[in-house]
Amino acid sequence: MLDPHDAQDPQDPLREMFRQAAASGQARAHAVPVARIAERARRAHRRRVAVAAGAACLVLAGGGVTAAALLSDAPTPVVPAVSPSPVAPSPGETTSPPLSSSTAPGTPTQDAPAGDPSATTTQPSGRVTTSPP
Amino acid sequence: MTVEEFEAFYEQAVARLTGQLYVMLGDLHEAQDVVQEAFVKGWSRRRQLDRDGQPEAWIRTVAWRLAVSRWRFRRRTSDAWDRAGAPPPVEGPGPEYVVLIDALRDLPAQQRRTVTLHYLCDLSVEQIAGETGQSASTVKTHLVRGRVALADRLQPRNVEEDPGA
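Line order of the protein sequences matches chains G and X. Per UniProt numbering, the first sequence starts with residue 1, numbered consecutively. Per UniProt numbering, the second sequence starts with residue 1, numbered consecutively.
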């Protein structure tokens, strides 16, 4: 009955069974209107476009963030060093910090030693001069 | 292919393709879904359909691939349910029960597709090879084995139906 060699026979009972089965499914199937197919296709197209646009935005934003991060890693300019105080602290003076950095040029210092008749001023050049009373 | 041509093609091919996919898949609702989905994809590729010159074969192939993807997804989902300890779904015989469809369900998917393309869509071995991407010898093997397997499965039913034969 089902010899593989007679597969091309149009009167093949197996072929007829296939056609009957397909016809039964075809008869019970109900096709949606083509307008719904078109609407679904347009919606899918809009979704694809939106996803592509979102992906492009993400790529651009990511590239921008990466570029900013790379640029911020460049070496920062070195701050000029502060000139050291010309008065070297004596080995015994360990508690008082140098005053040259906090004293405005040309102004008398406030912490002059008591009893010292002379006033000490700091010159713009950083030199300390003592003027007679 | 213009919009009007696509609509005409849909009107005259959708029922036939649904019947073909029904035989291939063994499930009418599944066949309707994948055919509809394939037409949705085909709408966006109307020019490609026109260029290939075989829009029906394109829709059929896409529908089949969609069905295979769904099988794989369902199998993964089923595996996940099994791992979770949920009871497996029990499917009873559906109203679309047909002897041949039931017999075809026991065949491997690719064999079922090949046999259906040959016996229902009247495609030659070369045409089946072109549509499925298999070699001609593989198609022939599927046809022979499928026919023998169907003979084994259909013969007892025929004997039961016609005891005097």
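Certain hints may be false.
Said to hold, decoys possible - Here's a subset of chain X near chain G, in silico, CB distances under 7 Å, partners left out:
(1) 7
(2) 22
(3) 39
(4) 40
(5) 123
What the hints assert, rightly or not - Cβ-to-Cβ under 7 Å is the rule here; a few derived chain X residues that face chain G:
(6) 14
(7) 18
(8) 19
(9) 43
(10) 44
(11) 48
(12) 58
(13) 62
These are computed hints drawn from the structure, not numbers from a lab. Think of the CB as a built atom: it goes at the ideal place given N, C-alpha and C, for glycine as much as any other residue.
Evaluated hints:
no.: 1; hint: 7; result: 5 Å, holds
no.: 2; hint: 22; result: 3 Å, holds
no.: 3; hint: 39; result: 5 Å, holds
no.: 4; hint: 40; result: 5 Å, holds
no.: 5; hint: 123; result: 12 Å, violated
no.: 6; hint: 14; result: 4 Å, holds
no.: 7; hint: 18; result: 4 Å, holds
no.: 8; hint: 19; result: 3 Å, holds
no.: 9; hint: 43; result: 4 Å, holds
no.: 10; hint: 44; result: 5 Å, holds
no.: 11; hint: 48; result: 13 Å, violated
no.: 12; hint: 58; result: 15 Å, violated
no.: 13; hint: 62; result: 13 Å, violated
Violated hints, in rising order: 5, 11, 12, 13; the structure is consistent with all others.
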